[in-house]
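Peer 1: What follows is the residue order along each chain.
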Amino acid sequence: MTASVSPPPLSEAGPSLPSEARGGLFTPASAVYVEPARRLTLNGWATIAVFLPPALILFTVFVALPMVEAGWYGFFNWDGYGRPEKFIGLKNYGYLIGNATFARSLINNALIIIVSLLVQLPLALALALMVAGRIPGAAWFRMIFFLPYVLADVAAGLIWHFMFDGDYGVAGAITGALGMQPYFLLADKTWAFSAVLIVIIWKYFGFHMMLYVAGLQGIDRSLLEAAEMDGASAWQRFWHITLPLLGPMIRLSIFFSVVGALQLFDIIVPLTGGGPFETTNTMVSFLYYFGITRMRVGFGSAVGVVLFFICVTFAFGYRRIFMRDD
Amino acid sequence: MTDATADSFEVLGRRPRGPASFLIFAALLVVAGAVLYPVLATALNGVKDLSEIRTNPLGLPRVWMWSNYWGILTGYRYWQVLGNSLFIALFTVFLTLAVASMAAFTFAHLRFFGDKFLLNYLQLGLLFPVATAILPLFIKIRDLGLLDSYWGVILPQVAFSIAMAVLLLRTAFRQLPSELLDSAMMDGCGYFRYFFYITLPLSGPILSTVGIIAFVGSWNGYLLPLVVFNSESRYPWTLGLMAFQGQYMTAWQLVLAFITLTILPAILMFLLAQRWIVAGLTAGAVKS
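These protein sequence lines are chains A and B, in that order.
Counting with this note's numbering, you get residues 1 to 326 for the letters of the first sequence.
Counting with this note's numbering, you get residues 1 to 288 for the letters of the second sequence.
Hint data in this document are derived by calculation from the structure and do not stem from the laboratory.
Please note: incorrect hints may appear among the correct ones.
Stated by the list, open to error - In the DSSO-like style, the derived pairs of lysine-lysine whose C-alpha atoms are separated by at most 30 Å in a straight line are: (1) B:Lys-140 - A:Lys-86; (2) B:Lys-116 - B:Lys-140; (3) A:Lys-91 - B:Lys-140.
To be verified - Chain A regions said to be covered by chain B (calculated; three or more residues, Cβ under 8 Å): (4) 66-76; (5) 97-105; (6) 126-138; (7) 270-282; (8) 305-315.
Even glycine gets a Cβ: it sits at the ideal position worked out from N, Cα and C.
Extracted from the complex, chain A is given alone in its bound form (with noise of 0.2 Å):
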C-alpha cells in the first residue's frame, strides 16, 4: 500500500476557526501572533519564488495531469502510441458496466472492507486493550503485532503463496497429515479470495492495533479509575467510557481500511495473479492486467476514473459525515 492517501486534514476539518482568527478578540494584541500582518518584501518574494515553484511542477506534472489525463483518454480507444484519435464517448464506461470480472473486482474490494471493518478492526481492538495493560511483555507483543506492516505487501504475498501452496507449504502439510488429498486454496475458485483476506489481516492489523494504543494512551485515567470507584464493571468500563473516547481513533482506522481496500493491489500478483478464472481481481489488479500490461490505455484510464470517483466520493462523504467533530 502506498502511504500516499490519508485523511482530510482533521485540525481543519468541522466548523472552527482559522487558527488565525482565534482568541484574537479577547487578548490583548501584543500576546497573539497575527501572521498576515507582515507586508511581503522583496526577500519575501524571493522565497516565494525560489521555494514553492519545485513541489508546484512536480505535483502538477505527475499528479495533477495525469488525473486530468486519464479523464481525457478515458473517452478513447487508444494503445498508448500516436496521439489519441479514435473517440468512442463513454463506451470504455459501457465496457466496464458490462464486464463480470470488473464486477467481480468490484465485490471483491467490497469484501475486503467488510472483512476489515467486521474482523480486523475488532480484532485490533481487542489485542489493544490487551497490549496496553501491563501484560509482561507487552512492548515485544507489539512490536511482533506491527512487524507484518513493515514488509512489503508483495513478500508478504509470496510468503502466503507458499503458505497454502498445496504442494509444498503448510497447507500441503496440514492435508498431508489429516491423510486428504493436496488442497489448493489458490487454485479454488470459489474460495481463492479467502486467502487474499488472511493475508490481509495478517498485515494490517498491527498497524491499526497501533492507531488504538495510541488512543489509549490519550485517554485520563482518572476517569476510568472513578468509574470503577463508582462500581461501574469492566464491561461498563469499556462500553461507556474507553469506547467512546476512542471514536476519533476508531473512525481514523475505518477511514485508512477502506481507502487501503480500494487501493489493494500489490499483494494480489504475488499471491494469486488475480486468478483462478479472474476471480481474485481487486479494481487496480484489474486495471493492471486489462489495461496496462495489454497497453489498453483509454480502457485502463476509465477504470483509473472510476477508482478515483469512488475514493473521492468516499473521502469527501466520510469527513463530511462521519469526522466533523474530530
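Chain A is already provided as a structure; the job is to place chain B on it using the hints.
Peer 2: Just chain B now, kept in the frame of chain A:
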C-alpha cells in the same frame, strides 16, 4: 505518540491479575505465533532441500542447506536489487524533504495572493492513490524520456508524497515560536537563512517522520517500478523478488531464501529503530 512503545501506562485500570492475566497472556502468545510463524517458516524452509520442504515443511531442517543462502549472498543479483532500492528510496526521501519543506515553509510564513488556493491544490493529492492515474502517468514518464530510468520512479514518488509531507511540515513549522521569526527578521535575517538555520534544525522530529513515511513507501513500492522499469539491472528488490520467483518457480527453497534475505534489511531496520518507525508511521497517519 512517541511513547507508543513505552511500557508505562495502564488503560484497563488495575494491572490484570490471576487467571485473567494468564488468559490474556495466552491469547497474545497465540496471536504472536500466528504472526511470526509464516516469517519463520519462510526463513527455515529456505535452509532445506526441496524434497525436505515437501515432506517436512513445518519443522526444523534435518540437513541445514546453508548453500541456498550462500549462493544468493555471493551472487551479485541480490546486492544489485537492494542497491537499486536503496538508491531510489534515499533520493525519494531527500527530494521529498527538500521540496516539501520549502513549500511548507512558504505556506507557513508567507501570505500572498492565492496562497490558500495553492495549498488546497496540493492537498488534492491526499484524495487519490497513484493507481488511479497510473496509465496516463506511464505515458507522461515515457514522453519525458524517463522510462526505465531511476528518475522515472523517484520523481513521481516524490510528487505523490508532497501532499502529505507539506501538510505535516506546515503544521509543525507554524508551531515553532513566532518570536523567533520576529526577532530574526528584526535582526535582518532573511527568510532563506531563517529557513536553513532556524526552521530546519528545530524540526528534526517531524522531518524524520516524513522521511520514514517516504522511505518505507518507496522501499516497499511495487506498482510504479513495475510500470517504469524494463531492464532487470535497474529493478528494486520488490521487482527483483518477483522476477526471481518467476525464474525459479517451484524451487521453493531458493525462492524462500531469497524472500528471507530481501526482507531482512527491513526487519533489521525495524528492530533497531522500532520506536522511531512505529511512531513515524502511526503519527504520520494520525496527524494528517
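Peer 1: Taking the hints in turn, state whether each one holds.
Peer 2: Taking the hints in turn, this is what the structure says about them:
1. B:Lys-140 - A:Lys-86: 20 Å, holds
2. B:Lys-116 - B:Lys-140: 28 Å, holds
3. A:Lys-91 - B:Lys-140: 24 Å, holds
4. 66-76: Coverage by chain B holds here, the residue count being 5 at a Cβ distance below 8 Å.
5. 97-105: As far as the region 97-105 of chain A goes, the hint is violated, because 0 residues have Cβ atoms under 8 Å from chain B.
6. 126-138: Contact hint for the region 126-138 of chain A vs chain B: holds, 11 residues under 8 Å.
7. 270-282: violated (count 1)
8. 305-315: holds (count 6)
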